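Engineer: Note that the protein sequences, when read in sequence, are chains A and B. At position 137 of the first sequence the residue is numbered 136 (numbering that gives the first Met the number 0), and the sequence of numbers has no breaks. At position 166 of the second sequence the residue is numbered 165 (numbering that gives the first Met the number 0), and the sequence of numbers has no breaks.
FYI, nobody ran anything at the bench for these hints, they're computed from the structure. Remember, predicted model here, so these are calculated numbers, not experimental data. Just so you know, even glycine gets a beta-carbon here, dropped at the ideal spot from N, CA and C. Incorrect hints may have been included.
Restraint-style ranges between C-beta atoms, simulated for each label pair [said to hold, decoys possible]:
1. A:E220 / B:R429: 49 to 59 Å
2. A:N414 / B:G397: 39 to 49 Å
3. B:P119 / A:R136: 53 to 63 Å
4. B:L269 / A:S438: 47 to 57 Å
5. A:R442 / B:L351: 50 to 60 Å
6. A:E220 / B:R247: 36 to 46 Å
7. B:Y401 / A:G415: 20 to 30 Å
8. B:A103 / A:D139: 16 to 26 Å
9. A:G282 / B:R247: 36 to 46 Å
10. B:G6 / A:G276: 48 to 58 Å
Spelled out from the first residue to the last, the chains are:
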Amino acid sequence: MSELDRGRPERFFSDRFNVTPALMEQLLGDNLARRVDDADIYLEYRVNEELVLEENVVKKASRHVSQGAGVRAQAGPRTGYAHTDDISIENLTEAARQARAIADRAGQSGALAVGGRGRPHDLYTLAEPPIVTELARKLDLLRKVDAACRASDPRVKQVIVTLASEDVVMLIATASGWAVGDVRPLTRLNVTAIAESDGKREIGAFGGGGRVAFDFFLEAERWRRFASEAARQAVLKLSAVDAPAGTMTVVLAPGWPGILLHEAIGHGLEGDFNRKGTSAFSGRLGQKVASELVTVVDDGTIANRRGSLNVDDEGTPTGRTVLIENGVLRGYLQDRLNARLMGMAPTGNGRRESFAHPPLPRMTNTFMLAGQDDPADILRSVQRGLYAVSFGGGQVDITSGKFVFSASEAYLIENGAVTRPVKGATLIGNGPDALTRVSRVGRDLALDEGIGTCGKDGQSVPVGVGLPTIRLDEMTVGGTAV
Amino acid sequence: MSEVDTGLLVSVLRRAAERGATAADGFLIEETSFSASVRLGQVDTVTHSREQRLSLRVFAGRASAAASTSDLSKASLERVVDEAAALARATAEDPHAGLPGSEALIDRVPDLGLSDHEAPELTPEEKIEIARRAEAAALAVDPRITNSEGAEYFDRRARYAYATSHGFARGYATSSFGITVSPVAAQNGEMQRDSWYTTARRRAALEAPEAVGRTAAERALRRLGARKVKTTEVPIIFDPDTAASLIRSIAGAASGPSLYRRASFLLERLGSRVAAAAVNLVDDGLIEAGLGSRPFDGEGLATRRTAIVEDGVLRSYLLDTYSARKLGLASTHHATRDGAGVGVGTTNLMLLPGSTSPRDLIASVKSGLYVTELIGFGVNGVTGDYSRGAAGLWIDNGELAYPVEEVTVAGNLLEMFDRIDGIGNDLVLRERTSAPTLKIARMVVAGN
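Model the full assembly from the supplied sequences, consistent with the hints where possible.
Structural biologist: Given below as structure tokens:
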């Protein structure tokens, strides 16, 4: 796509909007620097493309451009934020005036924030970002996926294939004189299959992607695996029995079931909740919160992953943060505001959905490190339980620590063997205590395929999770079979 | 905000025609909003925003594509038109694609009172003060309210315009206002958060900030001492907010795209019994100052009142022009617009009230669960299978006895709706989707 200069973000914004880092810094200096603890200007230009194939027809083809600037001023715990989707010096000046109004009322609290200095990573430079790949090639892939999904089982009656691609160019300048930009590609291929048999209908879904080129889907016919997995899941569920209800041993498969970590502990370790003392994990650094088999990290620096970033949305390079080490709580996920207020260092976890939102501490790729056990042994060790292979979404109440996540593919374990598939069951637990129930950890750590989106305060950001096979004792399973 | 200007849309549609589009329609949204949050009496975050977005759908014969932009400069708009036209040429013909017939378009935009012209403009300080009062009232209720996730005041004004290539061009303006409070209660090392809110088209219709704060505090306090219960099958009573979430699932299954994809548990159920005879589910887009009201839908068709379920029988689906054609039916005027094109959405969706008071519904249960919060995504729209995390209060001998948490409630939506054996008389239109207290004869509660 010619309109989107793939060069440096600085040049992109100066060519297109006549806004340069020098001008941004001057604006910050004139309006904000001496009156507040921290301030920044964030510019963003985003192009999205969505292609949907349904009933063998391209049902939706859409392309969206959004652009804008957010100006933030902070004094103590207070944040003033103003954003506009018309990037011009006049609008930025007006936004800065609005953002500053809050600081004027509050006065300065003292220490100026530490800027997010540091060398940005280079995790996803692509020769051909997915947004520029020719439409004909994309549509051809969608048709192939559709055909493969239908061909894999005659009971598949409907197939919906979605290919979403985006490109975001961002540039941030902070009051401490630091400006950094990033260009972020992202793509995801998703397959939904509806299977029908004897008047019963079921749905299966599979997908993946990352900060990768379109050819990612062609490698080793990855697309074909997505197609057949969606079909397999839908057909499997046609014969699923009611899920059990009550307390039992649960074995989680590797990969996407890592959503357990995201819900049970990840959100509870975000800096804002801990600074405010409203997390079930508040004040528990150094305490044992999990079985000693458990080490959990958040790592935004893995090349080409959906949850990775070269720099976060405040200009801090992402890092690898150990959250739990051998069962002991070690760290929080921090943005600049909460790090400053808690006297800690930013961890590169300040993220925002877009220029229209102030940053919050958020996860990147969150996973548990591999253990020693053979996954087959873990399953064999269970008399009666549930083996959960794939999940829909999850949610957590940060303050009480209660979380749920819903299995989309699960089986009964009977006498050490995986037996019948069960209908969607919800697992429910208590964050600070769930990981104390981990009794076995497999050696088969896998990251998910690249499908996660996390919501917080109305803001959605792409994330990743990962898990080896683990065994959890006495989890509550919310089925209907009493 | 002043009158809606449809001129920009009309010029965009003209360019689309020049670029070979055989038909096109466009939607323009302009929005300004303000929010102020306060935590423990101190200002936390103040946000000002201004957004605009033009979305365009073009047809090349029976092939179509959509595009949108937030950059309304001439160059950007020209690019959007060209991209949409190019995309449309790349997509396949779809015999059901197309605009609704021009004869069906609304000819006069009714005034539904969606924009508050009387609310005096408040300064940011005055708005912050509203949030501060709401939170202060919550903090004052009980010494066990020890912390807070804060209180927020917001207001939003938006203008919408819609135009088609067959000459339709209309618009309308809306406003909305709201207050939310989220206090934290603590006791013996346990913490519980809950929240309460008020939202309305007119600022004067908001509940008093102090009342919102007190309700929020009482909701957090009543969760203290929560425990798990044993796994069991019992009657369940959903409070109005959680009952509304069940109604939303029904509307999702009744919406055109779910149906033509055969991904709905209401497929081929039109005219048949889908709920207990007492169930009447209505979508009414014409309610004066309703939060979900709109004068016309995303395709310019007049909003109306639709009986979805009448005396337990499914009477209507929710359709836009495309899904209606796919199903061999007529649009029910439920098209919505977002950047991605046309979808289907409800307006003011409500379960009509019964005659029993919530207190009597609770009194009718010997042992059961009163649900006040649901979390998670355990609803399968294809089968109706339902399993979500729940919190609430245990009912013992007809009285709310103690708080319950970390349990799930599970069943199947069709069975649950068939087993409704009590509908409260307490319907209040607090949100776009509203329900009274609802009793379901039995569901499985999973706990210890």
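Engineer: Confirm or reject each hint.
Structural biologist: Here's how the hints hold up against the structure:
1. A:E220 / B:R429: 49 to 59 Å: 51 Å, holds
2. A:N414 / B:G397: 39 to 49 Å: 44 Å, holds
3. B:P119 / A:R136: 53 to 63 Å: 57 Å, holds
4. B:L269 / A:S438: 47 to 57 Å: Since B:L269 and A:S438 have Cβ atoms about 51 Å apart, the given range 47 to 57 Å holds.
5. A:R442 / B:L351: 50 to 60 Å: 58 Å, holds
6. A:E220 / B:R247: 36 to 46 Å: Because 39 Å falls inside the window, the suggested range holds.
7. B:Y401 / A:G415: 20 to 30 Å: The hinted range 20 to 30 Å is violated for B:Y401 and A:G415, with Cβ atoms some 39 Å apart.
8. B:A103 / A:D139: 16 to 26 Å: 37 Å, violated
9. A:G282 / B:R247: 36 to 46 Å: 38 Å, holds
10. B:G6 / A:G276: 48 to 58 Å: 53 Å, holds
Taken one by one, the earlier hints fail for this structure at numbers 7, 8, listed in ascending order.
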